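Chains as they are written, first to last, in the working numbering: chain A, 1 to 326; chain B, 327 to 710; chain C, 711 to 1061; chain D, 1062 to 1500.
The reader is advised that the hints may include incorrect statements.
Claimed, not checked - Among the chain C residues that face chain D by a calculated CB cut under 8 Å, a handful are:
{"id": "1", "residue": "Glu754"}
{"id": "2", "residue": "Ser755"}
{"id": "3", "residue": "Pro856"}
{"id": "4", "residue": "Asp900"}
{"id": "5", "residue": "Val901"}
{"id": "6", "residue": "Leu908"}
{"id": "7", "residue": "Asp928"}
{"id": "8", "residue": "Leu972"}
{"id": "9", "residue": "Pro973"}
{"id": "10", "residue": "Arg981"}
What the hints assert, rightly or not - Pairs of lysine-lysine residues, derived as BS3-like cross-links and limited to a Cα-Cα distance of at most 25 Å, are as follows:
{"id": "11", "chain 1": "B", "residue 1": "Lys421", "chain 2": "A", "residue 2": "Lys128"}
{"id": "12", "chain 1": "D", "residue 1": "Lys1150", "chain 2": "D", "residue 2": "Lys1073"}
{"id": "13", "chain 1": "B", "residue 1": "Lys422", "chain 2": "A", "residue 2": "Lys128"}
{"id": "14", "chain 1": "B", "residue 1": "Lys421", "chain 2": "A", "residue 2": "Lys132"}
{"id": "15", "chain 1": "C", "residue 1": "Lys768", "chain 2": "A", "residue 2": "Lys128"}
{"id": "16", "chain 1": "A", "residue 1": "Lys132", "chain 2": "B", "residue 2": "Lys422"}
{"id": "17", "chain 1": "C", "residue 1": "Lys734", "chain 2": "B", "residue 2": "Lys422"}
{"id": "18", "chain 1": "A", "residue 1": "Lys132", "chain 2": "C", "residue 2": "Lys768"}
Hint data in this document are derived by calculation from the structure and do not stem from the laboratory. All of these numbers come straight from a predicted model, not from anything done at the bench. Glycine included, every Cβ here is placed at the ideal spot set by N, Cα and C.
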Amino acid sequence: MKWYITKRLLWTLVAAWIALSLTFGMLAASPNQGQMQATMSCAAVGEDPEECREDFRERNNLDAPITERYTNYMINMVTLNWGWSESRSQDVIGAILSAWPYTAQYAIPVLLISTVIGYGLGLYSAYKPYTKTDYAASFVSFFGISIPNFWFALILILLLGVPLDIIPTYYNSGVPVQQGWFSLTNFQQLLIPTFVLLTASLAFQMRYCRAQAIEQMNQEFVKVAKAKGASDYRLMIWHVLRMAAVPLSTSLVSRLLAVFWGGSVIIEQIFAIPGLGLLSFTALVEQDTPLILGTTVIGVLLAILGNLVEDLAYVVLDPRIDYGDR
Amino acid sequence: MATDSFENIDWDDQEVSTINVSRTTFVELGLFALLLGAFLYDYLIIQNEGPLVANWDVLSTDWLFIATLITMFFHIVLPLYQNPRMRRFYWNRFKKNQIAVLAGVFLVFIFVVGVVGPIVMDPPEVRFTNRIVPPAGITATIGGATKTGTMAAPLGTDAKGRSILKLVVYGMRVSMQVGLIATTFTVVIGALVGAVAALATAIDVGWLDEVLMRYVDIQAVFPSFLLLLLLVYLFGAQLWIIIMVYSLLSWEGVARTVRGEALQRSSEAYVTAALASGANMMYVVRRHLIPNSANSIIISATVSIPGFILGEAGLAFLGFSDPTVFSWGRTISNGQTNLSQAWWISTIPGIFLFLTVLSFYYVGEALRDAMDPRQQVDSGGGGL
Amino acid sequence: MSTEPLLTVEGLKTHFHTEDGTVKAVDGVDFDVRRGETVAIVGESGSGKTVTSESVTKIIDIPPGEIVEGSVTFDGMELSSMSSQELQSIRGERISHIFQNPQNGLNPVYTVGRQIAEVLKIHKDGLSKRERRRKVVDLLDRTGIPEASARVDDYPHEFSGGMKQRVLIAMALARDPDLLIADEPTTALDVTIQAQILQLLEELQDDFDMSIIFVTHDLGVVSEIADRVVVMYSGKVMERGDIESVFQNPSHPYTQALIECLPGRGDSMRRIEGSLPDPTDPPEGCRFSPRCEYATDGCKAGDQPPMYPTDGDETHTASCVYYGPEHDAGVIEEIGVGDQQSTRADGGERQ
Amino acid sequence: MSETLLEVRNLKKHFPITQGLFNREVARVRAVDGISFTVERGETVGLVGESGCGKSTAAEAILRLEEPTDGSVLFDDQDITTYDDQELKGFRREAQMIFQNPDSSFDPRMTVGESIAEPLEIHGVGPRSRREEIARDLLDRVGLNADDADRYPHELSGGQKQRVALARALVVNPRMIVADEPVSALDVSVQADVISLLKDIQAEFDLSILFISHDMSVVREMCDRVAVMYLGEIVELADTETIFENPQHPYTKALLSAIPTLDPTRRGIDSGLTGEVPEPSNPPAGCNFYTRCPEVIQPDAIDVDQAAYRGVMDLRVTLKRQGIELDGLREFVGLDDDQTPSETDIADMCSELRREHDIPDRLDDREAESTLSEALDQIVREEITDGVEQLGELFESPCERTNPAPRPTSAGHAAACLHYDDEPVEADTGWVPEAAQGD
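Sequences and hints are given; from them, build the entire structure.
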């Protein structure tokens, strides 16, 4: 057991290192956007753009050999000194730390609810396959994964926000500060964004759980359990769900993160929620390279951490693993 | 003459077996060579200035689109055409799912209009004279003035007076290009990596398989949308760059499927039978492993196409996509400002986007049921 | 053996509604099982023997399966009209089931002991944790698992095929059932392991005083363990009777054909022409008529002939017109099991 | 040319088990551990044994689908283990294979005609049209009709697919067919069809067949001679009737007595075998079968009832190969973890050990009984190693020391068992049939 866990931890570090190197590689290989932004802002102010470009390269020692820049970049990354954000005039880490609560406040509920309800629906439609409820459930799941989240948000704003105006269509970032994170108004203003994100993640969880559950239900040990006199409830939970949890656990986090990241940038832009999504959006608009790098790396590291959680869950859930193999 | 029978094969002169490239593959390679030649001519000789053919200046995405159409023709349309029995078998099972048939028809419509439309119809032009006109037959009050739509712009116009109908038609082409080109590249790269990995295990070059699969694990973990944003920012937002970035970021699913299929099939009896008759590993890969994974490739492709379309639309909505291209996402985003009065600007393209993506998912589901009975839930047997 | 049968199945019809039509897997089956008796249901694949055994306690999944007709009376209770809760209280308690493929009959993520204890918990045995563990160890020991007390906490993947089947038998006997339905329990096992399992079932049948329904396609196994036998073909019963009379004097042409095409019997093997009928639209008249060498037009019309007694023996009946009125049973030539060399070595010493 | 088409000499196939980062070899699965036999022209030789005995691996090693670890395979007097790729390809044309599972024997995307013609395509024979014509002709010969050629495998039944497999094997006009459990997946009535077709085709084309099966009655129907395999080795080889009428090796006897008979009046199925087949990665020392053999030879020092001796041997085997977990025993007797066992507990535990291994309470040989009860006492008091040693000294059987080579028996054929006196049967091959022995 320990050997497997240490192997997985080592692998997580290697993956993180490769991720950082890849982002550095992409940065180095690209025409440096930050530099273009600096020259443009100088030209606007009337200074000589060429000279601005020179001192920008100076400050970021872009002319140093690649290995030296690489090691600096890595050291900075590891020591959490991720550089200075021009557009927010604060250090990147600070910006991220100030923004993440706004994302977490709706992200965590979305992840939890979509998993609990998603698995519940998935199990139910696997329990009664090819019935009306199953067809209805699968249509809802198709709807959930097909509907473009930004368009769905606009439609909801159009239908609910404008006429019913009790549901705010824009997020007032002051509310959590004055009335606290769990106040009613904060809840109200998060209603539409959470619902939009929820449909997509719920749909994914449901489809995946239904497929795994149906596969497990065809196994012989379910028939044996039924022959033991087990009730349908005990069969579905203790046998089918418990067994499906093994494959489900290997994609619990990464699958959700994939759906989630896409949605959060768009949702926070539409509803002006000052979370990590909006942070990376404004960074891109302002062409603030360090901040862009920061938000991307946070996303990648979170995904890698999620992968580690999945691997450990796999070990706990499936006694069959012979601890030698991957 | 009496039917030939196996006894009278004279084995002495049958020693060497040539690698015979079939006629169709030969034609396909020829077409690709032609395409490459035209591209080099356009790129090097006339430095992409004037139009290449008649008045059609072939843009970067078009080259990719033509290459995709050629690949799709030779690997999907032609094989189905060549053996009717297989086609009938799959069609009978596919048409059991009426919604999928409907979705299929809709997709064909989108594809044809998307390809033909922009050739026939000139691009949407800005005319401030008839800004924000509602669709034909609908009256709406915009900024005090009430207007009713006319057939001139059947679906109404946007804030810059561009006809929504044209925007939608051009949007179809963009979505089709993104979906099909990116998927074709993902399939080609993924199948290649998957086959190489499976082959490596089969001929005991274990470490190569291990390296490839570890990279695939990393790529599977990366949140592709975030990376997309970063790469588009770093390398510019032209459509073909977005498509290539998408292709390079999301082939891991196909690689895993092809590798899994190939490994599982290489232990099947008909592969051992081929080996027992003297076939070498390359013959087995070419004749058995790759064609057999075609089914699961097609299934995973029909699921990845909508993913790419939604991704590009999201990018366009945020304003990071190619400004010169009329993507649905961009049109929806532009309609965001005057959403309350001019609801149609965002809604109509959104409906098309939603239906296209939904259709792909339904067609994908029906294809999986038709092609891969193993994954199908059989009626008898276990369960409650 | 008391005369009142423990289980009586009358006119059982179980159909499956699939996309390409209704599969009439079981289309009118009658048999009964007395206490302490072993009844074998024998037939080839597609004969409906498994569906029959699974219809008794409605283990088949509904939908797409459906028990269209027929009654299943067990110890005075009518099972076919029972609610699923009532059925659940019978399964594992009064009637238990073991299946063909031991390899994945056990849930791989729970220990063997826990899965056996589950039966006791479901049926509220009222034992304390320690007492229940002792009972599980005792059950494992009685089904021949070596070192039972040490192996109770092992996981299924640590057991061989033969051992897993013993665990499943222990699980089935946990609540001391009256009837055990064994669906081809030894088909997936090697012949020496099969011998051990068959012997074990015989011993346990006496210890637990239970009846057994033994479903198999192997006539050898039938003759080893069965008291009475039911021969099924394409969803219907062809022949039924005591083991000696059916094997000494097989009456229905299908039973004869089954016996004669067994390999290793010395004389040349007979082959059955044609192929299995399509379950969605079975042939008219006797189901075996399209492949039967004695078939007359009478056989090919109307519905399946009733179970006529053969040569005056009420308990040995066959569904064939030749044993009915105005037909001459002599037409079907006599063959018997006795006159063929047994594949078992006679010379070798017997333990 | 000599009558023998195939001669296998001391063929071995081991699979290394590797572990850890550098794939160190920690154990070897000795799937085939030195088998020798011959197949004459037009003869059918059966390779029989239970799952895990290595019969399928042997077949694949003979055809070099798996590279043999040791030994040689002579086909037409030439050793194919020395062939290079080109020669091997020529050999492949002469020896073909058919498989157990009809569903996975054919590529689902190829028509029946294409599958049959595939060996021709591999050997570069003629244009497509000629291959197709040959395939259609062959379909008639195996009892199907020519226009089945355009059908796909999923449209055929199991029996029909095995016929097509036979056609595919015949298309290159081979001299030998290796049939790996060709009828095991079929119903009895369909089995009869395929077996009689196989026999007719063998007669028509004078084929030699290596027939692999676990079903003794099918083997009796098909084969002229039978080799019985156990844990990677051949324990007995003779012509079919002798094996069935007068088996010599204890395993063959057990195998035959486990087969259910058709006659209900002669019931009583008792193979007398206990326990399971040992792990091939760590086969028992000496004779492989001693861990389960009902006729295991008692050392001269003792004379005990054979069943009781088998019980003691079972106990010794458990001690040696898996070890005994005393806390399981203590729990069985009702002792708590820390409680020291009283005298009666010790006695109970000893009698439980006896009961679990079917050892009677008292052995009739006085000396054996005292050694046994003393050893049990030590084991239960956790001095397991001394107990094992004590048991070993007295009860060790000669079968544990020597792995017997094949020896002549009274029935006129050889069996690898110490029951028969130690006279070498034949020079090197060991299993050369009497006929060849004579001249």
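Comparing the hints with the structure gives:
Given hint, Glu754 of chain C at the interface with chain D, holds; its Cβ is 4 Å from that chain's nearest Cβ, closer than 8 Å. Among the interface hints, the one on Ser755 of chain C holds; its C-beta lies about 6 Å from the nearest C-beta in chain D, closer than the 8 Å criterion. Annotation: Pro856 of chain C was flagged as interfacial toward chain D, and the flag holds, the nearest CB pair being 7 Å apart, inside 8 Å. Annotation: Asp900 of chain C was flagged as interfacial toward chain D, and the flag holds, the nearest CB pair being 4 Å apart, inside 8 Å.
Satisfaction of the interface hint for Val901 of chain C is found here, the shortest Cβ-Cβ separation to chain D being roughly 5 Å, below the 8 Å cut-off. For Leu908 of chain C, the suggested interface contact is upheld, since its CB lies about 6 Å from the closest CB of chain D, less than 8 Å. Look at Asp928 of chain C: its Cβ gets to within about 7 Å of chain D, closer than 8 Å, so that hint holds up. Among the interface hints, the one on Leu972 of chain C holds; its C-beta lies about 6 Å from the nearest C-beta in chain D, closer than the 8 Å criterion.
The restraint placing Pro973 of chain C at the interface with chain D holds, with a minimum CB-CB distance near 4 Å, inside the 8 Å limit. A cut of 8 Å between beta carbons decides the hint on Arg981 of chain C: the least distance to chain D is about 5 Å, and the hint holds. A threshold of 25 Å between alpha carbons decides the hint, and for Lys421 of chain B with Lys128 of chain A the separation of about 24 Å falls inside it, so the pair holds. A C-alpha spacing of about 22 Å is found between Lys1150 of chain D and Lys1073 of chain D, which places the hinted pair at or below 25 Å, so the restraint holds.
Note on Lys422 of chain B and Lys128 of chain A: the hinted pairing holds, with a Cα-Cα distance of about 21 Å set against a maximum of 25 Å. At roughly 20 Å between alpha-carbon atoms, Lys421 of chain B and Lys132 of chain A fall within 25 Å of each other, so this suggested pair holds. For the hint pairing Lys768 of chain C with Lys128 of chain A, the CA-to-CA distance comes to about 16 Å; that is within 25 Å, so the pair holds. Distance check on the hinted pair: Lys132 of chain A and Lys422 of chain B sit about 17 Å apart at the alpha-carbon level, within 25 Å; holds.
Between Lys734 of chain C and Lys422 of chain B, the direct Cα distance comes to roughly 22 Å. Compliance with the 25 Å bound is thereby established for this hinted pair. For the hint pairing Lys132 of chain A with Lys768 of chain C, the CA-to-CA distance comes to about 23 Å; that is within 25 Å, so the pair holds.
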